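Novice: Listed below, chain by chain, are the residues.
There are 2 protein chains.
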Amino acid sequence: MSEPVYQRIRIAEAGSYDGRQVEIAGWLYNLRKSGKICFPQVRDGSGILQCVAVKSALPEELFESLKHLTQESSLIIRGKLRAEPRAPGGFELDVEDATVVQRVSEEHPYPITPKDHGIEFLMDHRHLWLRSRRQHAVLSIRHEVIRAVRDYFDTHGFTLVDTPIFTPAACEGTTTLFGVNYFDDEKVFLTQSGQLYNEATVMAFGKVYTFGPTFRAEKSKTRRHLTEFWMVEPEMAYATLDDVKRVAEEMICFCVDRVLANRREELSVLERDLTKLQAIQPPFPRISYDEAVLALQKKGSEIQWGGDLGGADETLLSEDYDRPVMVDRYPTAIKAFYFEPAPDRPEVALGVDILAPEGYGEIIGGGQRIHDLDLLLQRLEEHHLPREAFDWYVDLRRFGSVPHAGFGMGIERFVTWMCGIDHLREAIAFPRMLYRTRP
Amino acid sequence: MSEPVYQRIRIAEAGSYDGRQVEIAGWLYNLRKSGKICFPQVRDGSGILQCVAVKSALPEELFESLKHLTQESSLIIRGKLRAEPRAPGGFELDVEDATVVQRVSEEHPYPITPKDHGIEFLMDHRHLWLRSRRQHAVLSIRHEVIRAVRDYFDTHGFTLVDTPIFTPAACEGTTTLFGVNYFDDEKVFLTQSGQLYNEATVMAFGKVYTFGPTFRAEKSKTRRHLTEFWMVEPEMAYATLDDVKRVAEEMICFCVDRVLANRREELSVLERDLTKLQAIQPPFPRISYDEAVLALQKKGSEIQWGGDLGGADETLLSEDYDRPVMVDRYPTAIKAFYFEPAPDRPEVALGVDILAPEGYGEIIGGGQRIHDLDLLLQRLEEHHLPREAFDWYVDLRRFGSVPHAGFGMGIERFVTWMCGIDHLREAIAFPRMLYRTRP
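Protein chains in written order, with the working numbering: chain A, 0 to 438; chain B, 0 to 438.
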């Protein structure tokens, strides 16, 4: 009898190998046993496979070693795949052979057990916690979202132009900026947004997006803040506020569809209510800031015209909708210097915030930028911004200025919403917060 | 007679609109004129279109305004598209109407003219220089490379897991690290590589990659150094040095093929010798460090066994090959602490560098990591690294350790090679170097 040849496969590929002898290289996720049979659940990063080891069918030593294997030990397991409708994933592996690669010691066992751990303990063990089913699902959805965002822009004529992380100008005060010691006592800052640079590259490419980490030194401990987070920022030349709304709506729907199409299993692990995501269809409701303030006042908020929407206001407002709501034309006075004022009513700015449903708050902010040279110069002065640092930015209004517009979407906020989880900190592999820089 | 309806299109789409009335929104790239006819070349970020304005066919004021239009003025131009095999792009537009959006003033003209400018001048005007044909081509190729890299990994079972930018541990001395003032006098550093974190996430996902900016505070002014550069770093569990070579080779060929398939026009703008790129086919030559040293000595290099390859050595060595050459098994003593030693010969490490042809130097470095707990602890001690900062990293050898391997590829180096240009600084939109943090 010839030696069986086991083909190494990943668990996600099991569907193509029914009845075949295969080899899985992974880690022991869980183990059930009952006397003469044991069921090692093996994960390999692509899925989890239930294996069936029968005492009478295996060398005694091998069976005993499997039966007493410790959680997260690494092992290579060989056997025949069998369709099993009752098993998660639809397959089981009848074990014929196995090699334990590294056995986790009983004296120093894997620290994360099925019992409840506190969040600080789990965050301290983030390097291991990522292996758990829920965290794996969240980060898989993150991957899907990022791929969808890029595919959307790549297939709609946008050029990816990465903007710099080291920025010289202090855009609007330095209080929320992280400073970096460059060479010879030069000081630079970590980017908060690629927008100003996008406004340069968009005049070269027509449509651009930047996608990278951004930094905000806010002393905030809310579940909606990270000091390091990823943002996608598209910008379009010859475009207006309406284009921002149209593209943002289209992109959001594109991403939600992708998550629904490709990540059903992960959404189910997270017990996400699919109907909430299926409701995300165009058109999204569009209301003005004026209308938002009135609606909020009716609901008991103390907001007054002229004030910014707080987190509680955002939640209150989004309650009325089963899909993202677009709130536009905020007071010019509370918006950044670069917002184009409404031509008919300069006290409001051509900006829009998009609030996710279910209380997930703002996921997108954007709008139309000032393209007139004189108005921009006036705004820089009103905002007490150093002219010299903005010389290059002002140049863009001298040399072929055109109406242009864009937006920014925080990836962790979007992922948190997709996953239906409570806190941004789980939407990134190694979150950085006010009191968290490790591991 | 009804008013003509001009459909707004991008120049790249001209092929689908032959004979149709269209509208192009862009900027004046160039202008030729001869009495009763003028030829505004308009760019819109997707391409350049030659337009034909005939005096007798247009209102006098419009013709005069076009004829005297200044470089980089923004304009919307309307007319009928006509196939013209002699025109770049294959089409011309017969102008019927135009709107100048912003006219660049004659007193303050566009600073970048067809004459030769010095590199410092161009870099100071990087926000405008990006509009030039060559820079547009380079950054378009960069976009293509990044998309190809991501597509390769996304379609080969890798999960994107972004690793943190803020890192607490000082891996190997702090001399090439940028420090950041976190809150309350805490000090963190900007990542030089996501590898150590990849080694955690790979145990959760089996195959991962990270793709983001990395930072190196080297006081180097060579054309091969940026202080801020983008790197892709895949990592594989249950993998060895051979897997690194196989995947790197496959990925490089995948990216080169994509650039050749989709960016012919840009390569032609850059006058890139296509035969050099077409030669990039598997298998790549694989030589050992031992062989490399002998070959270099024969060529007159003063390198001795035990020393690292310098830039000049890399160029000298790659001369012999028309495709990337893989050099493996460097002396353990000159490699980082985490390299797995060769089992048969521990004085060399299971690492590989991949050198691009045509003198473009190292584009990839990688190898197999130590997976044995005791050996890792020993190495940390030998390298005088603080045990406590590496506790989480050591954990990975306690809980299901497996052989694993990966590599890093610098995007700007790869793009520089693809484009056949001289200096990394053109391979990124806003380069950051020792003496360059603006604009």
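Honestly, the hints are just simulated from the structure, not real lab data.
Bear in mind the structure is a predicted one, so any value in this text is a computation, not a measurement.
Keep in mind that the hints are not guaranteed to be accurate.
All copies of an identical chain are treated as equivalent in the list; a pair is satisfied when it fits inside any one copy or across any two copies.
[Unchecked claim] Simulated pairs of lysine to any residue, SDA-like, Cα-Cα distance not exceeding 20 angstroms: (1) 220 <-> 393; (2) 79 <-> 6; (3) 298 <-> 381; (4) 298 <-> 421; (5) 218 <-> 182; (6) 334 <-> 113; (7) 297 <-> 285; (8) 220 <-> 182; (9) 54 <-> 257; (10) 186 <-> 175; (11) 186 <-> 215; (12) 54 <-> 101.
Novice: Between residue 298 and residue 381, at a C-alpha cutoff of 20 angstroms, which is it: within one copy, between copies, both, or neither?
Specialist: neither (35 angstroms within a copy, 65 angstroms between copies)
Novice: Please work out whether the CA atoms of residue 220 and residue 182 approach to 20 angstroms or closer within one copy, between two copies, in both situations, or in neither?
Specialist: Result: close only across copies, 13 angstroms inter versus 32 angstroms intra.
Novice: Treating 20 angstroms as the Cα threshold, decide for residue 54 and residue 101: within, between, both or neither.
Specialist: Neither: 22 angstroms inside a chain and 82 angstroms across chains, both beyond 20 angstroms.
Novice: Give the relationship of residue 297 and residue 285 under a CA distance limit of 20 angstroms: within one copy only, between copies only, both, or neither.
Specialist: within (18 angstroms within a copy, 73 angstroms between copies)
Novice: How would you classify residue 298 and residue 421 at a CA-CA limit of 20 angstroms: within, between, both, or neither?
Specialist: neither (24 angstroms within a copy, 63 angstroms between copies)
Novice: Indicate which option fits the pair residue 218, residue 182 if close means a Cα-Cα distance not exceeding 20 angstroms: within, between, both or neither.
Specialist: So residue 218 and residue 182 pass the 20 angstroms test across copies only (8 angstroms; inside, 27 angstroms).
Novice: Given identical chains, is residue 79 near residue 6, meaning Cα to Cα at most 20 angstroms, within a copy, between copies, both, or neither?
Specialist: Result: close within a single copy only, 10 angstroms intra versus 61 angstroms inter.
Novice: My question is about residue 186 and residue 175: at a cut-off of 20 angstroms on alpha-carbon distance, are they close within one copy, between copies, both, or neither?
Specialist: So residue 186 and residue 175 pass the 20 angstroms test inside a copy (15 angstroms) and across (16 angstroms) alike.
Novice: Indicate which option fits the pair residue 186, residue 215 if close means a Cα-Cα distance not exceeding 20 angstroms: within, between, both or neither.
Specialist: both (17 angstroms within a copy, 16 angstroms between copies)
Novice: State whether the alpha carbon distance between residue 54 and residue 257 is at most 20 angstroms within one copy, between copies, both, or neither.
Specialist: This pair counts as neither: shortest intra-copy Cα distance 44 angstroms, inter-copy 53 angstroms.
Novice: Within a copy, between copies, both or neither: where do residue 220 and residue 393 come within 20 angstroms Cα-Cα?
Specialist: neither (36 angstroms within a copy, 30 angstroms between copies)
Novice: Is it within, between, both or neither when you check residue 334 against residue 113 at 20 angstroms Cα-Cα?
Specialist: Intra 47 angstroms, inter 40 angstroms, cutoff 20 angstroms: neither.
Going through the hint list in order, the structure does not satisfy hints 1, 3, 4, 6, 9 and 12.
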